[in-house]
Amino acid sequence: MSDRVAVVGAGEVPLRPLSPRQSYREMGFEAATRAYDDAGVTHQDIDSFVSVCEDFHEGTSITDEYTPDQLGAVLRPVHTVAGDGLQGVAAAVMLIRTGIADLVAVEAHCKTSNILAHEQVLTMALDPSYERLPGITPHFVAGMEMRRYLHETGAPEDAVAMVVVKNRRHALSNPVAAYGEVLSPDDVLASAAVCAPLREREISPPADGAVVLVLASEEAARRTPKPVWIRGVGWASDSPWLAARSWGQASYASLATQMAYQMAGIAKPDQEIRFAEVDDTYAYKELQHLEAAQLIPRADAARIVLEGGTRRGGRLPVNSSGGSLGMGYCFDATALYRTAAAVRQIRGEAGRAQVERAATTGTQRGLNQIEDCEL
Amino acid sequence: MNLTHARVWRGTMPVQYLYTAGVAGERFFQTLRRRGVLAVTRCAECQVTYLPPRLYCERCFADLSQAWAEVAPGGRVHTYTVVCEDQDGHPLDPPQVVAFVRIDGTDGGLIGRLLRVRLQDVRVEMPVDAVLAPPRRRRGRMDDIVGFAPRRALPRRRTP
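Protein chains in written order, with this note's numbering: chain A, 1 to 375; chain B, 1 to 160.
Fair warning: there could be bad hints in the mix.
[Said to hold, decoys possible] Rough simulated footprint, nothing fancy, chain B against chain A, three-plus residues with beta-carbon under 8 angstroms: (1) 113-122; (2) 192-205.
[Unchecked claim] Simulated restraints, written as ranges between beta carbons of each label pair: (3) Arg10(B) - Ile100(A): 40 to 48 angstroms; (4) Asp158(A) - Arg123(B): 15 to 23 angstroms; (5) Asp3(A) - Cys46(B): 32 to 40 angstroms; (6) Gln16(B) - Val182(A): 30 to 38 angstroms; (7) Phe56(A) - Ala62(B): 32 to 40 angstroms; (8) Pro20(A) - Cys60(B): 48 to 56 angstroms; (9) Ala72(B) - Lys268(A): 42 to 50 angstroms; (10) Gly154(A) - Leu119(B): 20 to 28 angstroms; (11) Asp270(A) - Arg123(B): 29 to 37 angstroms.
No lab work stands behind these hints, which were simulated from the structure alone. The model shown is predicted, which means the values in this text are computed figures rather than measured ones. No residue lacks a Cβ here, since even glycine has one placed at the ideal position from N, Cα and C.
Let's have the full structure, built from the sequences with the hints guiding it.
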């Protein structure tokens, strides 16, 4: 039996700041319908379902009570993952490689416009005895991390602003992105400080969305029209204690990418990877993650971004989808939007967002970084 | 937010809960309250000193329940931020400087406000000491540490 796994279908609803008419279940149904259609399968063909969502975000608890009818998964094998969407992908890969399932649907959604007190939910993710400070925004954690990153690397704040400029511009070419815009670095630098040095425009704005991916074993993938092979997956969780984490480096992302590269047989990621989708929940995280993923030598990320090397036409296009900064931040579904974008790139179906060399024959290697970063 | 055209249910989540500080937390906060020093645990094998203290080593998974030590509440500003918004996204006036202080003699540290310092004088790696609430006012909580102040700016007579 082959242990290869492919993404054979991707479906999403366009990310939007508001979606007052649709419930998130209906958004999930729409995404599932598109994904199954893309794969040329029906819900009855799917052997197992993974749904990714977390309690409290949308004023609900016991998330698995809100699944699975929108996936066509009633009275079928389902499990829910309270984590990142990519952990759902990893779970699907394991289901397939262990022979339990041939076709697995992975779903993630978040209706962020239903969250009226996001900061209050975020604050509850901090340890109440040591880490919660009353009366201040929980983005203070990112503000401190950004300061230490800039201190250790000497990266200028201009480079962080350039990440925002690039990703917002990239988003203009992506029809599912919510925040495409032409900005100058000065527009970013002039935006209000939230937790200095972190500014308002350097924080991904929230958006509503739902994504479904269909993963398949090699045998099942051969029956679908457009399989994109998953060469490697990796994931790692940092210490949950702020006091025990590195404030300057994304250690978790180094470990996760090493695991994925090893599985994929990638020895020189900076030479072998053609394009990357990496987390940019906060703009500085893109720089930090590019270094952690060994796509750019440590402390060089700022220079390369400023020189345009990570633009769509650059040496290493990064977040040509627009990233979270340009598409909108959709909590645990964010990473699956990026996976769907990477799938389209590799198929050569990304339209105006297409990266040139992504879809050439031969080695087709995109990177979709898996990581665990709660804040 | 224009939701006038859509049927929505507004709700609050009146969730009440307890969070147990635990064996390690209890000892840390009682030590802070009674004697104004920081209780830490040390893993001799990994040579890691945990602050906040933990009953287990996250690296080698050793039991650290008998590996307690104490350190003075001073260290260096490892990183800091100027917080300009409150928890609801409204402006904070004046902004507050919040730092992660790497406590001397440990591999961990504590998060707290920086006090008695002008914003332009704050530096990464700046030495600071904890400013403690007077002993009678301490309640065995994190806010027994009012904040951290530059080492030179502390009054000579330190709280016990």
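Against the structure, the hints come out as follows:
As drawn, the stretch 113-122 of chain A meets chain B at 4 residues by the rule of a beta-carbon pair under 8 angstroms; at three or more, the given contact holds. Given a C-beta distance limit of less than 8 angstroms, the hint that chain B covers the stretch 192-205 of chain A holds, as 7 residues qualify and 3 suffice. Distance hint for arginine 10(B) and isoleucine 100(A): a CB-CB separation of about 42 angstroms, consistent with the stated range 40 to 48 angstroms. Distance hint check: the CB atoms of aspartate 158(A) and arginine 123(B) are about 21 angstroms apart, consistent with the given range 15 to 23 angstroms.
As the Cβ distance of aspartate 3(A) to cysteine 46(B) is approximately 36 angstroms, the hint placing it in 32 to 40 angstroms holds. Remark: the range hint 30 to 38 angstroms for glutamine 16(B) to valine 182(A) is contradicted by a beta-carbon distance near 48 angstroms. Look at phenylalanine 56(A) against alanine 62(B): about 34 angstroms separates their beta carbons, and that is inside 32 to 40 angstroms. Roughly 53 angstroms separates the CB atoms of proline 20(A) and cysteine 60(B), a value that falls within the hinted 48 to 56 angstroms.
One distance hint, 42 to 50 angstroms for the beta-carbon pair alanine 72(B) and lysine 268(A), holds here, with the actual separation near 48 angstroms. Taking the beta carbon of each, glycine 154(A) and leucine 119(B) are about 21 angstroms apart, inside 20 to 28 angstroms as hinted. Between aspartate 270(A) and arginine 123(B) the beta carbon distance is about 34 angstroms. The supplied range of 29 to 37 angstroms therefore holds.
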